[in-house]
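Peer 1: One line per chain: the protein sequences are A and B, in this order. Residue numbers for the first sequence follow the UniProt record's numbering, so the first one is 1 and each next one is one higher. Residue numbers for the second sequence follow the UniProt record's numbering, so the first one is 1 and each next one is one higher.
Calculated directly from the structure, the hints in this document are not laboratory data. C-beta atoms are modelled at their ideal positions from N, C-alpha and C, and glycine is treated no differently. Take these hints with a grain of salt, some might be off.
Unchecked claim - Label-pair restraints from in silico Cβ distances: (1) A/128 / B/38: 23 to 29 Å; (2) A/216 / B/23: 56 to 62 Å; (3) A/21 / B/81: 27 to 33 Å; (4) A/8 / B/113: 49 to 55 Å.
Said to hold, decoys possible - To be clear about the criterion: a stretch of chain A counts as covered by chain B if any three or more of its residues have a C-beta under 8 Å from a C-beta of chain B, and this derived list gives those stretches: (5) 27-36; (6) 161-171; (7) 186-200; (8) 216-229.
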Amino acid sequence: MLVADQLIKDFGSFRAVDGVSFTLERGEVLGFLGPNGAGKTTTMRMLAGGLEPDGGQAAIAGFDCSTARLEAQARLGYLPEGAPSYPAMTPRGFVMFGLRARGFTGGALCRATDLALERANLGEMASQPIGTLSKGYKRRAALAAAIAHDPAVLILDEPTDGLDPNQKDGVRQLIRDMAPEKAIIISTHILEEVPAVCSRAIVIDRGRILFDGTPNALAASGPDDTVEGAFRALTAASTGKGVAA
Amino acid sequence: MIHTLHAVYRRELTAYFQTPLAYVFLAVFAFCAPAFAFHIGRFFDTNRADLAPMFDYLPWLFVVLMPALAMRAWAEERDRGTLEFLMALPIPLWASTGGKFLAAWTMAAIALGLTFPMWIAVNYLGAPDNAAIATGYLGAWLMAGAYLAVGQALSATTSNQVVAFVLGTGAAFLLTMAGLPFVLSALGENAPALLSEFVAGLSALEHYSAFRHGVIGLPNLVYFAGLIVTALTVAGVLIAERRGGGR
Chain A
1 MLVADQLIKD FGSFRAVDGV SFTLERGEVL GFLGPNGAGK TTTMRMLAGG
51 LEPDGGQAAI AGFDCSTARL EAQARLGYLP EGAPSYPAMT PRGFVMFGLR
101 ARGFTGGALC RATDLALERA NLGEMASQPI GTLSKGYKRR AALAAAIAHD
151 PAVLILDEPT DGLDPNQKDG VRQLIRDMAP EKAIIISTHI LEEVPAVCSR
201 AIVIDRGRIL FDGTPNALAA SGPDDTVEGA FRALTAASTG KGVAA
Chain B
1 MIHTLHAVYR RELTAYFQTP LAYVFLAVFA FCAPAFAFHI GRFFDTNRAD
51 LAPMFDYLPW LFVVLMPALA MRAWAEERDR GTLEFLMALP IPLWASTGGK
101 FLAAWTMAAI ALGLTFPMWI AVNYLGAPDN AAIATGYLGA WLMAGAYLAV
151 GQALSATTSN QVVAFVLGTG AAFLLTMAGL PFVLSALGEN APALLSEFVA
201 GLSALEHYSA FRHGVIGLPN LVYFAGLIVT ALTVAGVLIA ERRGGGR
């Protein structure tokens, strides 16, 4: 469903992504983990067609993200980092814009909009200008736009950032509900989300994959059988520092 | 793929009216266009039933107001981070640039439409050549479109709307001034004729002049269409280049 094959991205002399490869099948939820500046967002941008890789290839549902970008993007739902949206638009208008750009019209447009707003739990806020909403509601508006067209592949960059505990639970449940029918990547700094939501985890640092396996295997690879311990050990070793006590 | 163009056009046009920008722009235009005609163009003193006093000064209004419409096109998307959202949608770049341009050009058409009291006035006061007036409006709309397209291309170079506005105003000013006699004389008497002709050929004012006199000339149509297509292509190339980020 999703293929990243030896992806490379340079910013000037800095190599942000250095030969990242993995595949993702329907039914998998991949937790994409790494410290700040590890290359997570850059990798996700290349998968979403927003950045051209300097080397390697990415494909969604068999369509190359560079040479068949529009076909690949038609099958993708993407929540960018920071959940950017248009402040003067309402969540309903924002979702409808994305759907219209994907060819939805008439009754299908209204049904898909209502369903997405309901699944993102926007309630009465769906008709308020996004600029007046709290950070949590803004993120949910962007999430609604990402899932509205029922894409085969979802890439969510920090989907629970800024949400309160109840909202986080809601988003995690939504991801679990969608998981059987989709291939989903979520990047997160909240490591407790990994065993709660993900069927697989990748740890990346300095643009390279350090670990690729199940959350249980990730936890077992650490010094204290926790995902957090394993994450710290892997990334500390990558940067050449000792593991923090 | 026309649905993508329509989606962008609809969003952009709605966005103008979701902020004070559309209302301020239309109010300023509706006030200034007749004000220029009456006070600077001396509308009544000409004793002619036509809109020449208004058409004469529209280009100078466009120099300031069209970049104000175009400045947000890409600079705002970059500043707010929504460019990443937009680029992740299955929208070809021609539809993004075209949709944004057509929405701004629609605003220009609405603004020109708001000068209809002037047209009613000259028809009430005399028997104007309405075909010539319509041609003048067409020329003004094309000129506005050219400035909007150039403004959009310059908006793609920055994430700061003020910078985009200043660049757009400067470019529109140069395009307007290029053919004026004092600019050509400033090139010097010894300037090659080819250079003088080239600079004069760049002049939007020169090409607009024919429309203003009721003449639709093919070279003038080609000039404005060419300028619009070229500027929008440049905007598309600049945005496409951002996909390569860092290379």
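Peer 1: For every hint, state whether the structure bears it out.
Peer 2: Each hint, compared with the structure:
1. A/128 / B/38: 23 to 29 Å: Given a distance of about 44 Å, which is not inside 23 to 29 Å, the answer is violated.
2. A/216 / B/23: 56 to 62 Å: At 59 Å between Cβs, range holds.
3. A/21 / B/81: 27 to 33 Å: Holds: the Cβ-Cβ distance is about 28 Å, inside 27 to 33 Å.
4. A/8 / B/113: 49 to 55 Å: 53 Å, holds
5. 27-36: Three-residue rule not met by the segment 27-36 of chain A, so violated; n is 0.
6. 161-171: violated (count 0)
7. 186-200: violated (count 0)
8. 216-229: It is violated: at least three residues are needed, and the segment 216-229 of chain A offers just 0 whose Cβ sits closer than 8 Å to chain B.
Of the numbered hints stated above, those contradicted by the structure are hints 1, 5, 6, 7, 8, listed in ascending order.
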